[in-house]
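Enquirer: These two chains come separately, so use the hints to put the complex back together.
The primary structure of each chain is shown beneath.
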Amino acid sequence: MSRLTWWDRVRRDRILLLAAVPGVALLLIFHYLPWLGNVIAFKDYQPYIGIFDSPWTGFANFRVIVNGDPAFLNALTNTLIITLLQVLIVFPAPIALALLLDSLMSERLKRAVQSILYLPHFLSWVIVVAIFMQLLGDGGLLNNFLREHDLGTVSIISNPDAFLALVTGQVLWKDAGWATILFLAALSRIDPTLYEASAVDGASRWRQLWHITLPGLRSLIVLLLILRLGDALTVGFEQIVLQQQAVGADASEVLDTYVYNNGILAGDWGVSAAVGLVKGVIGLLLVLGANKLAHRFGEQGVYQR
Amino acid sequence: MSSRTTIAGVTVASKPVRALKGVILAACCAAVIVPFVGIVSTSLSTREQITRDGGFVLLPDQVSFAAYQAILSGGVVTRATLVSLFITIAGTTLSMATTILLAYGLSRPRSVAHRPVLMIVLFALLFTPGIIPSYLVVKNLGLLDTYWALILPVAVNAFNVIILRAFFMELPRELIESARIDGAGDVAILFRIILPLSKAVLAVIGLFYAVAYWNAFFSALLYLNDTAKWPLQLVLRTYVINQTQIGVDQLGAAGVALPPQEAIQMAILVLSIVPILVVYPFVQRHFTKGVLIGAVKG
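So the sequences go chain by chain: X and Y.
Residue numbering for the first sequence follows the working numbering, starting at 50 and increasing by one per position.
Residue numbering for the second sequence follows the working numbering, starting at 59 and increasing by one per position.
Here chain Y stands alone, though its shape is the one from the complex (with noise of 0.2 Å):
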C-alpha cells in the first residue's frame, strides 16, 4: 500500500486527532444519507404516523406502498416521468452519437480540419451564450413547446468532447497502425478498436449527460409553457417545493382514498432519485479517471 501514512519512520497523526477525523468525516455522510433515510420512510408511511411524527418520518412502524400506487397509476406523475425518461435515453444516445464522432473526428492531429475544429469546440467552452439570446435561437427555430428545445442546444456538450479526445489521443498509436496495415479504415477502427478500449470513459460521460437531461429543469421551464409535455422536474417544484395540492384529479386514482400529501410528495422524490441511485454503483467507479482525463489534458 502506497499510503503515506504507513511508511516507516512517518509520524502517525495522535488518538485525539484521528478520533476528531473520525467524526468530521462520519458526520459528511450521515448529512447525506439521513434525508434519504428519511425521505424513503415518508413516502411508506401511513397518515398516523406522518401526522404523529410531524411531518417527516425518520423510521415508519408500519411499511405502506400507497403513495407510490397513487402515483404510478397514470395522472400527472406517470405521465411526467414517461417524458423524461424519453428525453433522457433520445437525449443520451444522440449526444454519445455526436460526441463520440466529433470526438473522433478531432483525435488525429494531422488530419486537415483539426485546427479550426478543435477552435469551434474551445470557444463553445469560454463563451456560454447568454439567457436571452439562447431563449430567441430555439423561439426562431420553432422549438418551443417541443421536446427538442430540451436535447438540441444542450446535445453537445463541449467539456466532454475534449475529454473523449483527450482519451482517444492517449490509446497506443500502435494499435490504430497495425490496424490500418491490415485494411481497417477509420470506421472499422472507431468500432473495432477505440470504442471497446474506451467503455469506461463512455460509461461516465454517457452518466453525465443521462444526468442533465434526467435533472434538466430550467430549460422546461423556460421552453415548455404546454404543462401537459411538463417533466418529472417540474411536478416536483410544483408538487413538493411550491406545495400545490395534489388531488384524486391529477393522479388519476379515481375512488381510491387518499394517501397523505406528505407521502404522496416524497413517494414523487423518490422517484426522481431512483433511476440515478440505479445507475451510479456501476459507473462510480470509473469516475477518478474520467473526470482526470479531461481536468489534465483539457
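Bound conformation, chain X alone (with noise of 0.2 Å):
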C-alpha cells in the first residue's frame, strides 16, 4: 500500500479535525490570546486609549519588582510564608491521612470515611470561609462554648497575627481528604509479598513503612511536589480576597491580590500586569527546574525528556 499524502489524512480524518475545533478555538482565545494582552506590562496601559495606542514605556512597570516597593515586597514575603506553610503541612497532611485509611480493617468503614473526607473538596471558597466564620467567629460556636465557661474569646477571624494559621486550617479542611485519593491508589498498588517478604524477616511495622510503604509513594510524591512548585506564587487566591477586608492587606496580601487590587480595582493596570507576567514565569521556570531534578534523581517527573 502506497503512503497517503497529507491531504488523503487529511480527508480521512476530517471528522476527528472538525470535532477537535470548537475546543481548539475555546483554547486559542481564552488561554493563548491573553498573552499578548501581557504586552500592556511594557506600555502605559489607558482603558480609554485601548491596548494598540497606549504609548510604550519598555521596563518601567518592571521597576516597581526591582526597585522592591514596599508594598509588592509585603505581597511577595506573605505568598512565600503561606506556600512554605503549604508545603511543610498541607502537603503531608493527606500522605499521613491516607496511611490512616489505608491501615483500616473494614473496606465498607474506610468507604465510608472516604466519601465523608472528599466532600469538602466540592463546596466553594464562599461556602468554606462562612463554615469557619460559624465555627470560630467572634459570635462563632467556639467563642459560645468559650464564654458559656467564662473561659474568655479568642479571636481568630478578624485578627491578622491568626491569618496565616486560618488561611492553612480551611485549606486542610478542604482538600487534605481529596487529596488523599491518589496515596490511597498508589498503596494499593504495593506489592502485598514484599510486606509478607519483610514480615518473615522479623520488621517492625513501623521499619515496613519505612522501606516499603515511603518508597512505593515516592514517584507520586515527587511528582506533585513537582506541581505544587510551578504554583508556588499561587496561593488560594479566592479565599484570600473573601477575608482580606476583615484582617488588612499588610497580612493577607498576596501576589494575585496584589494584582487584582492593584490593576483591575485601582487602575494601574501596567505595574499589575508586570507583576502577573514575572509571577508567571518564574512558576514556569520553577517547574521547568524541578523537572530536570527529578529526572536527575532518577524520577519521572511530569513530562519525559
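Accuracy of the hints is not assured; some may be wrong.
[Stated by the list, open to error] Here are the computed lysine to aspartate or glutamate pairs in the DMTMM-like style, where the Cα-Cα straight-line distance is at most 25 Å: (1) Y:K197 to X:D102; (2) Y:K197 to Y:D284; (3) Y:K347 to Y:E228; (4) Y:K347 to X:D224; (5) Y:K197 to X:D93; (6) Y:K287 to Y:D203; (7) Y:K347 to Y:E232; (8) X:K159 to X:E245; (9) Y:K257 to Y:E235; (10) Y:K197 to X:D317; (11) Y:K79 to X:D240; (12) Y:K257 to Y:E232; (13) Y:K79 to X:E156; (14) Y:K347 to X:E156; (15) Y:K347 to X:D151; (16) Y:K287 to Y:D307; (17) Y:K73 to X:E156; (18) Y:K257 to Y:E228; (19) Y:K79 to X:E245; (20) X:K159 to X:D224; (21) Y:K257 to Y:D240; (22) Y:K79 to X:D151; (23) Y:K73 to X:E245; (24) Y:K79 to X:D224; (25) X:K341 to X:D280; (26) X:K159 to X:D240; (27) Y:K73 to X:D250; (28) Y:K347 to X:E348; (29) Y:K73 to X:D151; (30) Y:K347 to X:D240.
For the record, the hints were derived by calculation from the structure and aren't laboratory data.
All of these numbers come straight from a predicted model, not from anything done at the bench.
Expert: Given below as C-alpha cells:
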C-alpha cells in the first residue's frame, strides 16, 4: 500500500479534525490570546485609548519589582510564607491521612470515611469561609462555648496574627481528604508480597512503613511536589480575597490579590500586568527546573525528556 | 480481601495504636459533619432558640421553615439561584460537548492533527494566563456583564481533556476496529461505542465542570458589575460573609414577619450546598477511577 499523502490523511480524518475545532478555538481565545495581552506590562495602558494606542514604556512597569516597592515586597513575602506553610503542613497531611485510611480493616468503613472526607473539596471558598466564620467567629460556636464556661474569647477570624493559621486550617479542612485519593491508589498498588517477606524477616510495622510504603509512594510525592512548585506563587486567591477585609492588607496581601487590587480595582494596569507576568514566568521556570532535578534523581517527573 | 493487615504472619497494630487511629479518623469526620449539622439546624431554628444559643444552633428544639420560605419567595436569593442553575446547566452542557469532541479528536494517534493539537492542549495546561490579560480579552470581546463571561473562558479545561483522551485511548481497539469493518463511521463509533463505555469517567468530569460553574465566585466578581446578574456565590458573600443585613426588599416577601438573620444566612448557605449533596453520592464511587486515569496517564 502506498503512503497516503498529507491531503488524503486530512480527508480521511476530517471528522476527527472537525471535532477538535470548537475546543481548540476556545483554548486559543481564552488561554493563548491573553498572552498577547501581556504586552501592556510594557505599556502605559489606558483603557479608554486601548491596548494598541497606549504608549510604550519599556521596562518602566517592572521598576516596582526591581526597586522593591514595599507593597509589592509585602505581597511577595506573604505569598512565600503561605507557600512554605503549604509545603510543610498541607502537603504531608494527606499522606498521613491516606496511611491511616489504608490501615483500616473494614472496607465498608473505609469507603464511608472516604466519602465524608472528600466532600469539602466540592464546596466553594465562599461556603468554606462562611462555615469557618460560624465556627470560629466572634459569635461563632467556639467563642460561645468559651463564653458559656467563662474562659474568655479568642479572636481568630479578624485577627491579622492568626491569619496564616486560619488560611492553612481552611485549606486542610477543604482539601486534605480529597488529596488522599491519589496516595490511596498508589498504596493499593504496592505489592503485598513485599510486606509478607519483610514480616518473615522480622520487620516491625515502622520499618515496613519506612522501607516499603514510603518508597512505594516516592514517585507520586515527587510528581505532586513539582506540580505544587509550579504554583509556588499562587496561593488561594478566592480564599484570601474573601477574607482580606477582616484582617487588612498587611497580613493578607499576596501576589494575586496585589495584581487584582492594583490593576483591576485601582487601575494601575501596567504594573499589575508586569507583576503577573513575572509571576507566571517564575512559576514556569520552577516547574522546568524541578522536573530536571527529578530526572537527575531518576524519577519520571511531570513529563519525560 | 487483599488488605495486608489480614495476611498471616504480619504483625497487626497494637490495641492502643488502633484506638488512636480510630480517634483521629473520627475527629476528622466530625470536623466535616458537625458544621453541616449546625448550619442546617440554625437555618431551621426559631428566633428564641437562636438568641438563646448565641447565633449558632447545633440541634433545634422546634423546626421552622420560615427562612426557606423567605429566601425562596422570589427575591434576590431566588433570582441568584436561578442564575447559578442556568450557568451550571448551560456551562456544563457546552463544556461536556467540547471536551468530548476534542478528546475524541485527539484519541487516535494516527490522525494528522494529533501532535500539534495535543501540544496546544498541553501548553494550555502549563501556562495559565494572568488575571489582567484574561480580563482584557473578556472585556475586548464585549463579554463583560454577560453570562458568557462566566462560561466561555473556562468552558474547556485542558486537564479534563487529557483525562478523557487517556480513557478513550484505553478502550479496547478491537471494538473500534470491528465496528469500522461493519461500516461504522467516526460519528457512529463515538456515539454507539465509545460514549456508552465511558459513562463513569464522563460522570466524574461532568461533576467537576458542574461544581466549577456552580461555585464560580471570582469570575463573577470580576466580570459582572451588574448586581442584578449576580449568581448565588456573590449573594452568599454579601449577605453571609460581609454580614450585610437582608431585608424585606431583598427577599420579595412583603408583609411577612422576617425570620432571624442568622436563619436566613444559614438557609442561603444550605441552598448553595444542596445541589452538590444531591449529585455527590451518585458520582462519588467513580472518583478513584476518573481521577487516576488523569494522574497516571496525563
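Enquirer: Among all the numbered hints in the text so far, which are the ones the structure does not match?
Expert: none
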